[in-house]
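**Q** Each chain is listed here by its residues.
Protein chains: 2
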Amino acid sequence: MMKQYCVGIDVGGTTVKCGLFTTDGSLKDKWEVPTRKEEEGRFILPDVAEALKKKLAETNLSIDELEGIGIGVPGPVEPDGYVHTCVNLGWKGHWPAKELCELMDGKVHCAVGNDANVAALGEMWQGGGKGHDNLLMVTLGTGVGGGLILDGHVVAGVHGAGAEIGHIHVRDGEQETCNCGGHGCLEQVASATGIVREAMRNLKASSEASAMREFGDQLSAKDVCDCAKAGDALAVKTIRTSMRYLGLVLATVSMIADPELYVIGGGVSRAGQYLIDLTKQYYEEYTPLLNKKAEIVLATLGNDAGIYGSARLVLTR
Amino acid sequence: MMKQYCVGIDVGGTTVKCGLFTTDGSLKDKWEVPTRKEEEGRFILPDVAEALKKKLAETNLSIDELEGIGIGVPGPVEPDGYVHTCVNLGWKGHWPAKELCELMDGKVHCAVGNDANVAALGEMWQGGGKGHDNLLMVTLGTGVGGGLILDGHVVAGVHGAGAEIGHIHVRDGEQETCNCGGHGCLEQVASATGIVREAMRNLKASSEASAMREFGDQLSAKDVCDCAKAGDALAVKTIRTSMRYLGLVLATVSMIADPELYVIGGGVSRAGQYLIDLTKQYYEEYTPLLNKKAEIVLATLGNDAGIYGSARLVLTR
Chain L
898 MMKQYCVGID VGGTTVKCGL FTTDGSLKDK WEVPTRKEEE GRFILPDVAE ALKKKLAETN
958 LSIDELEGIG IGVPGPVEPD GYVHTCVNLG WKGHWPAKEL CELMDGKVHC AVGNDANVAA
1018 LGEMWQGGGK GHDNLLMVTL GTGVGGGLIL DGHVVAGVHG AGAEIGHIHV RDGEQETCNC
1078 GGHGCLEQVA SATGIVREAM RNLKASSEAS AMREFGDQLS AKDVCDCAKA GDALAVKTIR
1138 TSMRYLGLVL ATVSMIADPE LYVIGGGVSR AGQYLIDLTK QYYEEYTPLL NKKAEIVLAT
1198 LGNDAGIYGS ARLVLTR
Chain Z
898 MMKQYCVGID VGGTTVKCGL FTTDGSLKDK WEVPTRKEEE GRFILPDVAE ALKKKLAETN
958 LSIDELEGIG IGVPGPVEPD GYVHTCVNLG WKGHWPAKEL CELMDGKVHC AVGNDANVAA
1018 LGEMWQGGGK GHDNLLMVTL GTGVGGGLIL DGHVVAGVHG AGAEIGHIHV RDGEQETCNC
1078 GGHGCLEQVA SATGIVREAM RNLKASSEAS AMREFGDQLS AKDVCDCAKA GDALAVKTIR
1138 TSMRYLGLVL ATVSMIADPE LYVIGGGVSR AGQYLIDLTK QYYEEYTPLL NKKAEIVLAT
1198 LGNDAGIYGS ARLVLTR
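Residue numbers (my numbering), protein chains in the order written: chain L, 898 to 1214; chain Z, 898 to 1214.
Treat each hint with caution, since some may be false.
One copy or two, it doesn't matter: identical chains are merged, so the pair holds either way.
[To be verified] Computed cross-link-like contacts, DSS-like style, restricted to lysine-lysine with a CA-CA straight-line distance of at most 25 Å:
1) 1189 with 989
2) 1190 with 989
3) 952 with 1004
4) 925 with 952
5) 914 with 934
Simulated from the structure, these hints should not be mistaken for laboratory data.
Extracted from the complex, chain L is given alone in its bound form:
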């Protein structure tokens, strides 16, 4: 029988977000721990364990009432739970689930997953994807991440590259190099950074008036979206280009994994329904084969997707 509570831990480069949930999906309590990256991040998990024990004591919960503790980490996790390196945390060679379990005196089941995959699980459990078990979550942030869920299970991939949609090649002729070493990746045009870069290129290539010019070097993806919504021609052109490539990638995912839903999250998605509508337009253009198209919706959990999804990890043993 399932116990009443579970815990989700979202380990980020600056803070560790923690959430106490009931196993039926309601968030009871939320707290943060600073991420101590010194000495190859060796204090991170002990800090988490200590804070959690304190929280349990405060709330008069016994560890036996926890179904488990899930951990999301910002880097590749091998199928057996091994984390070879995690640059953002300074980690080299960790077994986060096993180590956290030992730190909790072996009294509770722990599980680990990659943060993008875990965010997808979170949105599936209690967010924009609630009620669906075949979906792709797209995170449009500094980079472009993804989490693919088929039949309720994360597709992590044999080499951990499942749903690495930011590194799908979409644009021939791109001269700049992506973080991955490639040229013309989705991330180079549809991430926050990519949108700004695209806008800068459009501004440079044209002498047209544009409200974006006022921001100078400080132009952000939010500024570009705001200008586009206000009808600024060069901003509209920029956002259309970015969302066309995103729509193309979603269409491609439909021709490979054919999920029923796309959930769009991350900082850029705060521009809201405007982006969804554009993406949908291009997605539909690139999927003439489908009589019935997948839906495209906004994520709803924001920065909490990670704690929701991490907690959800331990409910699927």
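Chain Z: place on chain L using the hints.
**A** This is chain Z only, laid out in the frame that chain L set:
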């Protein structure tokens, strides 16, 4: 306990291929039945049942010795086994597995799948993908088909579009319309038809000498491959373009589903290792993110992939 035999039925537009297998994967007997498409294909399944009963009698096998009968059909199959329409067979509204089961007097389990997905299962079971359970099978024939298997299970897709890789958009600016209604699909450049079309375009756009010119209107994909292997510059250019787009699509699949293996089959794949080597070159170029790449190999079952895979369908209840 699993029984000793199973049967695979591959329903094609001209003939129905049938195979009797041991459940450990060896093909014992093979026969064909003409596909009678008249009267909306109503005779197809009764003909199959009759031929199968005859075969069982001839070989002194009782139907009780069959683990099951699997059927592959050339069109979309809904998750519950319903076939809404199958143009190639004239079918409108069939439940092939249920109907065949009734025709066999309800004495044996039957299952149905789409032919491309079933071929992938066949290659996984006893072909180029033996020993792997995460793979994409690509069929380069008149069209380009695919079958994706993750953790040993076919990814058929929520709308039946799983692994419809022939209709991934790869080429901007394409003016001709694909069968699906799109423009610039992989199928338009990497199928047998697509290779010929690409060669014709290259011939028309250049006055360069080429051995391909001797074939006139009769030029086939095989001719193009043969000329390319012999070093003919325009043929090499053609095949490189086609295989570059195929390599790009495999790289894209790696960034979504990340399988360990790609199995290339279909008529075009008879050009052999030459095509594999080219595809691999482009695949690797488009996957800088992967330290460890997936393998790309040739299919080995040829036209028997369908009967192998159909038989395999009934071994995974």
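**Q** It remains to establish, for every hint, whether it holds in the given structure.
**A** Right, here's what the structure says about each hint:
1. 1189 with 989: between (46 Å within a copy, 19 Å between copies)
2. 1190 with 989: Close across copies (22 Å), not inside one copy (43 Å); limit 25 Å.
3. 952 with 1004: within (16 Å within a copy, 60 Å between copies)
4. 925 with 952: Within one copy only: 12 Å inside a chain, 65 Å across chains, cut-off 25 Å.
5. 914 with 934: Within one copy only: 15 Å inside, 62 Å across.
Of the numbered hints given earlier, the model fails none.
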